[in-house]
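Peer 1: Here are the chains, one letter per residue:
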Amino acid sequence: MTPNAVTFKQARRYSTAEPPFVRRLLIIVALTFIALFLVIPLISVFAQALNKGLGVYWASIRDPLALSAIKLTLIAAGISVPMNCIFGVSAAWAIAKFDFPGKNVLLTLIDLPFSVSPVISGLIYVLVFGAQGWMGLYEKADHPWFPWLQRWLHTHNIQIIFAVPGIVLATIFVTFPFVARELIPLMQAQGRTEEEAARVLGASGWQMFWRVTMPNIKWGLLYGIILCNARAMGEFGAVSVISGHIRGSTDSLGTNTIPLHVEILYSEYHFTAAFAVASLLTFLALITLVLKAWVQRKNDALNAAGELSA
Amino acid sequence: MPGKTKIKKFRILPGFKMTLGYTLFYLSLIVLIPLAAVFWKTSTLSWPEFWRVATSPLALASYRLSFGASFLAALVNSIFGLVVAWVLVRYSFLGKKIVDALVDLPFALPTAVAGITLATVYAPNGWIGAWFVPLGIKIAYTQIGVFVALTFIGLPFIVRTVQPVLEDFDTEIEEASANLGANRWQTFWRVILPNLLPALLTGFALAFARALGEYGSVVFISSNIPMKTQITPLLIMSKLEQFDYPGATALAVVMLVVSFLLLFIINLLQWWSNRHNANTLS
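Chains A and B, in that order, give the protein sequences.
Anchor point for the first sequence: position 170 equals 170 in this note's numbering, and the numbering is continuous, going up by one each time.
Quick note: to get this note's numbering, add 1000 to the position in the second sequence (first position is 1).
Please note that a few of the clues may not be correct.
Think about it this way: if two alpha-carbon atoms lie no more than 30 Å apart in a straight line, the pair counts; the simulated DSSO-like pairs of lysine-lysine are [stated by the list, open to error]:
1) A:Lys52 with B:Lys1138
2) A:Lys298 with B:Lys1097
3) A:Lys103 with A:Lys52
4) B:Lys1138 with A:Lys218
5) A:Lys292 with B:Lys1096
6) A:Lys103 with A:Lys218
7) B:Lys1017 with B:Lys1138
8) A:Lys298 with B:Lys1096
9) A:Lys218 with A:Lys292
10) A:Lys218 with B:Lys1017
11) A:Lys52 with A:Lys218
12) A:Lys103 with B:Lys1017
13) A:Lys52 with A:Lys298
14) B:Lys1228 with A:Lys218
15) A:Lys71 with A:Lys52
16) A:Lys292 with A:Lys103
17) A:Lys292 with B:Lys1097
Covered by chain A, per the in silico footprint, the following chain B stretches (three or more residues, Cβ under 8 Å) [as the list claims (entries may be wrong)]:
18) 1041 to 1050
19) 1053 to 1064
20) 1244 to 1251
For the chain A half of the interface with chain B, some residues (derived, Cβ under 10 Å), not all of them [claimed, not checked]:
21) Val89
22) Pro113
23) Pro118
24) His154
25) Ala238
26) Pro259
27) Leu281
In case anyone wonders, no lab produced these hints; they're calculated from the structure.
Beta carbons are placed, not taken as given, at the ideal position from N, Cα and C, and that holds for glycine.
Modelling step: build the complete structure from the supplied sequences, incorporating the hints.
Peer 2: This is the structure:
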């Protein structure tokens, strides 16, 4: 055997794998890319937030303006996530368990908000409720052919844009598809036999839903809710268009969410405070990633168990 | 005998009418009617007026930057995203699980936070920006900064579309290629890459579409100078701040039409990708 002859084992390995130096090189390239674009910016958030010490950090977070922004963000997410959750379950049930014409069109329409720029997502509500749009049509009363809702809002003096309802609406729009798009493929893959069996055995509609459907989709649903919540709390562009940047105080809520508050602090050169508040959102993002990984594992385990028993 | 007997299909599962009805109602209320408002608002402009706004030098410069930077960012992500996906699927190394979870960071991190941290890190006195100063390259507040922000935003799309395809890839095909005398590079270039192409293109299109509409992460790192570093969403925003609603809406319509076209292309790509994978697996 010549010294440089490759053994059978090595030949087999190199036929479906790369030589060690190529591997190392690729790992270094991948990690450098991840470091430049993800890790270093991530660390920088916390470094900037803490560069004047913990005292300044706490003061920035406990500032009344920051607290009112946190409150508004919690309200916006607290309304939009359950709304989209109900919609997601309902859409997934109709689409995954029944056959009807136009299903693909409906699927595309549900995904639509993802392909709309955040700025435009805010703009559309300004056009529906703003003085420049349908609302203005009613107020000018030249040709009030559509704005019955606007008329009602006008007589009751309810403000939508540059106010909390507009922020909630924009948040609902940008997080619209999250739960639905997690559940639809999942429920389609599960089919309808289990539910049909439950019905044949005499379960009522709700019994079937809570005892058969729900246990099957719970991880997928949770996954969708986590993603939906992360986006709801972090949305910036759409909310920025519709907010009007009215500052909150201890007695009024204002129209600044956490991301908008970060923007104001940053543009006023309060960098440390901006990063301190931003670090809250970064924690949220990290928690989201951990939960996501955990739910994904649970879901994979559930699917694997399903495949074994099937 | 009556000519037609209507056979009503018996559905054993309940709730079809209720759930579909609610789905359509909610979809119309939240998405379709408000989107229609954009097209309604543009119809108040005459066609020449619309054309003048949509093709003004300011608008054209913003399209050039938006499309150019998004394309470049998606391209760079395709190359490095493929390497990341490859490394995550094929190799094992310390901290692999953490890297795998971190890939989703741009999905989870609010765009405003991404914007301020990228602007700080890539500024001339920032952690990364400082290395480029001796080379005479300014990243933040230039077009390169826009590209950096869009690369950040698009990163997960390529990795997450390529990764599952690579995981399901049958190594027997690679063994066959090696048996037939191909070296590793030939196997990659002629066998593996063509099979990854549909997924790679889908990821590219998704990243490109996302970058085109991106606002939050760009607004901080771009100096937002008209004709130079102003992407189209920023131009729309500045028109809104000047209360030029018809102008903003006209640009929004251009962007919406492009987004819908991209959505259509992405659907086609996904269909191709799924069919391709089904063929390879069977």
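Peer 1: Which numbered hints does this structure break?
Peer 2: 3, 4, 7, 11, 13, 14, 18, 19 and 24
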